[in-house]
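Work out the full structure: start from the sequences and follow the hints.
There are 2 protein chains.
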Amino acid sequence: MAKEKKLVEAITSMEEDFAQWYTDVVKKAELVDYSSVKGCMVIKPAGYAIWENIQKELDRRFKETGVENVYMPMFIPESLLQREKDHVEGFAPEVAWVTHGGLNELQERMCVRPTSETLFCDFYAREIQSYRDLPKLYNQWCSVVRWEKETRPFLRSREFLWQEGHTAHATAEEAKERTIQMLNVYADFCEEVLAMPVVKGQKTEKEKFAGAEATYTIEALMHDGKALQSGTSHNFGDGFAKAFGIQFTDKDNKLKHVYQTSWGMTTRLIGAIIMVHGDNSGLVLPPRIAPTQVMIIPIMQKKEGVLEKAEELRGLLASNYRVKVDDSDKSPGWKFSEQEMRGIPIRIEIGPKDIEANQGVIVRRDTREKIVVSLDELQTKVGEVLEQIQHDMFERAKAHREEHTVVAKNWDEFKEAIAEQRGFVKAMWCGCKECEEAIKEETTATTRCMPFEQENLGETCVHCGKPAKAMVYFGKAY
Amino acid sequence: MAKEKKLVEAITSMEEDFAQWYTDVVKKAELVDYSSVKGCMVIKPAGYAIWENIQKELDRRFKETGVENVYMPMFIPESLLQREKDHVEGFAPEVAWVTHGGLNELQERMCVRPTSETLFCDFYAREIQSYRDLPKLYNQWCSVVRWEKETRPFLRSREFLWQEGHTAHATAEEAKERTIQMLNVYADFCEEVLAMPVVKGQKTEKEKFAGAEATYTIEALMHDGKALQSGTSHNFGDGFAKAFGIQFTDKDNKLKHVYQTSWGMTTRLIGAIIMVHGDNSGLVLPPRIAPTQVMIIPIMQKKEGVLEKAEELRGLLASNYRVKVDDSDKSPGWKFSEQEMRGIPIRIEIGPKDIEANQGVIVRRDTREKIVVSLDELQTKVGEVLEQIQHDMFERAKAHREEHTVVAKNWDEFKEAIAEQRGFVKAMWCGCKECEEAIKEETTATTRCMPFEQENLGETCVHCGKPAKAMVYFGKAY
Numbered sequence: 001m002a003k004e005k006k007l008v009e010a011i012t013s014m015e016e017d018f019a020q021w022y023t024d025v026v027k028k029a030e031l032v033d034y035s036s037v038k039g040c041m042v043i044k045p046a047g048y049a050i051w052e053n054i055q056k057e058l059d060r061r062f063k064e065t066g067v068e069n070v071y072m073p074m075f076i077p078e079s080l081l082q083r084e085k086d087h088v089e090g091f092a093p094e095v096a097w098v099t100h101g102g103l104n105e106l107q108e109r110m111c112v113r114p115t116s117e118t119l120f121c122d123f124y125a126r127e128i129q130s131y132r133d134l135p136k137l138y139n140q141w142c143s144v145v146r147w148e149k150e151t152r153p154f155l156r157s158r159e160f161l162w163q164e165g166h167t168a169h170a171t172a173e174e175a176k177e178r179t180i181q182m183l184n185v186y187a188d189f190c191e192e193v194l195a196m197p198v199v200k201g202q203k204t205e206k207e208k209f210a211g212a213e214a215t216y217t218i219e220a221l222m223h224d225g226k227a228l229q230s231g232t233s234h235n236f237g238d239g240f241a242k243a244f245g246i247q248f249t250d251k252d253n254k255l256k257h258v259y260q261t262s263w264g265m266t267t268r269l270i271g272a273i274i275m276v277h278g279d280n281s282g283l284v285l286p287p288r289i290a291p292t293q294v295m296i297i298p299i300m301q302k303k304e305g306v307l308e309k310a311e312e313l314r315g316l317l318a319s320n321y322r323v324k325v326d327d328s329d330k331s332p333g334w335k336f337s338e339q340e341m342r343g344i345p346i347r348i349e350i351g352p353k354d355i356e357a358n359q360g361v362i363v364r365r366d367t368r369e370k371i372v373v374s375l376d377e378l379q380t381k382v383g384e385v386l387e388q389i390q391h392d393m394f395e396r397a398k399a400h401r402e403e404h405t406v407v408a409k410n411w412d413e414f415k416e417a418i419a420e421q422r423g424f425v426k427a428m429w430c431g432c433k434e435c436e437e438a439i440k441e442e443t444t445a446t447t448r449c450m451p452f453e454q455e456n457l458g459e460t461c462v463h464c465g466k467p468a469k470a471m472v473y474f475g476k477a478y
Numbered sequence: 001m002a003k004e005k006k007l008v009e010a011i012t013s014m015e016e017d018f019a020q021w022y023t024d025v026v027k028k029a030e031l032v033d034y035s036s037v038k039g040c041m042v043i044k045p046a047g048y049a050i051w052e053n054i055q056k057e058l059d060r061r062f063k064e065t066g067v068e069n070v071y072m073p074m075f076i077p078e079s080l081l082q083r084e085k086d087h088v089e090g091f092a093p094e095v096a097w098v099t100h101g102g103l104n105e106l107q108e109r110m111c112v113r114p115t116s117e118t119l120f121c122d123f124y125a126r127e128i129q130s131y132r133d134l135p136k137l138y139n140q141w142c143s144v145v146r147w148e149k150e151t152r153p154f155l156r157s158r159e160f161l162w163q164e165g166h167t168a169h170a171t172a173e174e175a176k177e178r179t180i181q182m183l184n185v186y187a188d189f190c191e192e193v194l195a196m197p198v199v200k201g202q203k204t205e206k207e208k209f210a211g212a213e214a215t216y217t218i219e220a221l222m223h224d225g226k227a228l229q230s231g232t233s234h235n236f237g238d239g240f241a242k243a244f245g246i247q248f249t250d251k252d253n254k255l256k257h258v259y260q261t262s263w264g265m266t267t268r269l270i271g272a273i274i275m276v277h278g279d280n281s282g283l284v285l286p287p288r289i290a291p292t293q294v295m296i297i298p299i300m301q302k303k304e305g306v307l308e309k310a311e312e313l314r315g316l317l318a319s320n321y322r323v324k325v326d327d328s329d330k331s332p333g334w335k336f337s338e339q340e341m342r343g344i345p346i347r348i349e350i351g352p353k354d355i356e357a358n359q360g361v362i363v364r365r366d367t368r369e370k371i372v373v374s375l376d377e378l379q380t381k382v383g384e385v386l387e388q389i390q391h392d393m394f395e396r397a398k399a400h401r402e403e404h405t406v407v408a409k410n411w412d413e414f415k416e417a418i419a420e421q422r423g424f425v426k427a428m429w430c431g432c433k434e435c436e437e438a439i440k441e442e443t444t445a446t447t448r449c450m451p452f453e454q455e456n457l458g459e460t461c462v463h464c465g466k467p468a469k470a471m472v473y474f475g476k477a478y
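From first to last, the protein sequence lines stand for chains Z and G.
Numbered according to my numbering, the first sequence terminates at residue 478, and the numbering increases by one at each position without gaps.
Numbered according to my numbering, the second sequence terminates at residue 478, and the numbering increases by one at each position without gaps.
Simulated from the structure, these hints should not be mistaken for lab results.
Computed from a predicted model, the values in this text were never measured in an experiment.
Don't take each hint at face value.
Note that the list lumps identical chains together, so a pair holds whenever it fits in one copy or between two copies.
Once the Cα atoms are required to be at most 20 Å apart in a straight line, the calculated SDA-like pairs of lysine to any residue come out as [what the hints assert, rightly or not]:
1. LYS381 - GLN55
2. LYS469 - ASP24
3. LYS149 - HIS404
4. LYS27 - ARG132
5. LYS208 - GLY465
6. LYS56 - GLU68
7. LYS38 - GLU173
8. LYS324 - THR65
9. LYS38 - GLU387
10. LYS226 - THR151
Here it is, written out as structure tokens:
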């Protein structure tokens, strides 16, 4: 029992220290390990399997909209990075530079891609000649590098995994539509698969991507009341096309610049899953993304027939669910703690008495509810319970967000709400960068987005009192 | 017709200039584009889709043997790379060095991984304490960088995509078994999926991986008689474990070093597919790896009902095969050329007269055979023809290899066979590095492998006349 206690005790409670709780979960659920490369992480099998499921689901959704995958070089020559002014200003301070190849110094240094707009533009300038070549709907799965000073597993690391979509279109309208379309793909994925409600909206000028005309975002609320930007979609207009000379001959025989978009999601999503759904026993994974959905745990497994029955049930369930048997030497209690720590949505306990009664016990990870079920109905019941968990997790996360979204009608209310970190603060804003910066300086809260679903909460800016232009979600953010 | 002629004429014939033919195919089949980053390639959708299918098939086979995926950092601190003496000597001359992060010079420079043995060892040294932690069967899919001087798309580029498996075991026997097991996975994959026969064997001391105790390889023969190393599997013994201090407490309570393996396959395989199966009309893809297996090409598509019928057939076939309709404005002849250039295994021609007769014409890419088939039997027939193509492609490639594998009993025969580039040359060898180097210097042929299936072709070394130790496959290689 000493060992079992250790596993559970090793997690700091989230109410006591949320940051430490997060670190404990990523370590104890064996999602990552720190590496000898400062600021970079090792993603372990349990973490990478979640990423594989995210990839599979997103990739399928991308392809349904006509997107094709490609692969671009990981290096960007300095002159290429500098081609678009805003873009280089945004990224140059945080890139890693390669200066030597083999034993020789390079004539021109190259950075490891922090994002690949410049490479795609360079490629599109060669590939696109005619309206017949449009649209180009390309995506790549890769890793990128940003030389961050402070790092945390999944949330901010010097190297992370992501996908970056880059499209080129004949018209501004089509580019705008694609930007919103992909934001919707992201939002649907988060809500349907990750059981994570998101607010869709537009970033302010200050917060938009370096080089973009407009940036759209989905913002999620973590358990501690902080916001997490979970996916972004950028409309570039023809800014990059002009900088890179990407032109095509249109149907009217005129030479025109293309309109472009880009959009990305990263391994940060795994951090979001942890912080939206986790509890003081560890990770809680939504069934649709869980690498293992069902863990069968035999009780008194040395008794004749128990392991055989467990294996029989695994075989039965394996055609519809991702299921494993824990037949290790550990005690059932230890196995329960592990299954809980790893966030496996369901465990099935099965022992000699259950077998005699032709039943098993389904235990939900999210509520710990125990459901005794006849083995004849196990297949159906497991499906129902998984669906129910997926549904309930979304509803709970949504209720949490609603409880933690407050309206601030004046500056005192705003300061108080932020100081207590109640969650999202909805407030009216004048649209000025100066006001936005002052709010950040005074409270550390940033504009998360101007939501598509605008509400009129008053006529004046919560900070300066000038006429309001938009309702904004504010919050402290990861 | 002028344009159609251009598409076909643009390929150099392989008999005239094989290297140029290869370059033409990768460009005209739209597999890659040259990038602005010297020595790196852009993998375009048609090329990347082949890689995705390779990944899917290999990944499934790996997981069936218990392998799990992880992700390691892309950077290796210089001190870590230097830990194993042979390894650093092998790789240091060809790595790219990162010296600056953001605006600051790094205290210690890091290379971009050329391979990740050192990172996995560093990780395993922390992860492995007890026999209970073994075996570790990890793999990662990523890109690696080697600063090559001469590059060719897929075959040799400064950055390429691959998978690298890294395992750790309690005993030398288990490591040896795993090395051979993965070589067999590679060989089966090449033969069953890529329709590419391979020779399995062991590399000589001179040709083995930097730091390995033994390297095993699968070698394939290209259409021009050159060999291509298509996958390798390395047994490290406990060499790396000793250099990195990877120790575990065994069941007998003694502290022991682990035994390790690594094994990899790369985007080079796409080059192999091109050079084993391609012809003077372009790419020929084995059905099991082809991103599109069937292209339906409507004839007189503006006539009523033709496009509808084509779409109906697509819908019918889509549940079992990867199928598309080419309903573009191009002429049927142009579409045929494109389908051939891209190596799509089957096209189905369907026009008004066919529809009237309730039939379609299946045309095989590999043999150009035309098969008239009733639309009622289309579903079944397409399956049969795809299987037949897969089978025939393997048999043709095997026959080609057998025709181009010659025995050299003496040095004159050897020199003649290599000079005429007849293919693999089987010969006896004394086992001395000096002899191996002399053979390479005099003929440019290298030892490809000492095949598992040894034959006794004589008692003396083909070069020096001393007693022979092994039968070796020699060849000029990519």
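How the hints compare with the structure:
1. LYS381 - GLN55: neither (28 Å within a copy, 35 Å between copies)
2. LYS469 - ASP24: neither (43 Å within a copy, 57 Å between copies)
3. LYS149 - HIS404: neither (30 Å within a copy, 58 Å between copies)
4. LYS27 - ARG132: between (51 Å within a copy, 19 Å between copies)
5. LYS208 - GLY465: Neither. Shortest intra-copy (24 Å) and inter-copy (74 Å) distances fail the 20 Å Cα cut-off.
6. LYS56 - GLU68: both (14 Å within a copy, 16 Å between copies)
7. LYS38 - GLU173: neither (44 Å within a copy, 36 Å between copies)
8. LYS324 - THR65: For LYS324 and THR65, only the inter-copy Cα distance (16 Å) is at most 20 Å; the intra-copy one is 34 Å.
9. LYS38 - GLU387: neither (41 Å within a copy, 51 Å between copies)
10. LYS226 - THR151: The answer is within: 17 Å in one copy meets 20 Å, while 49 Å across copies does not.
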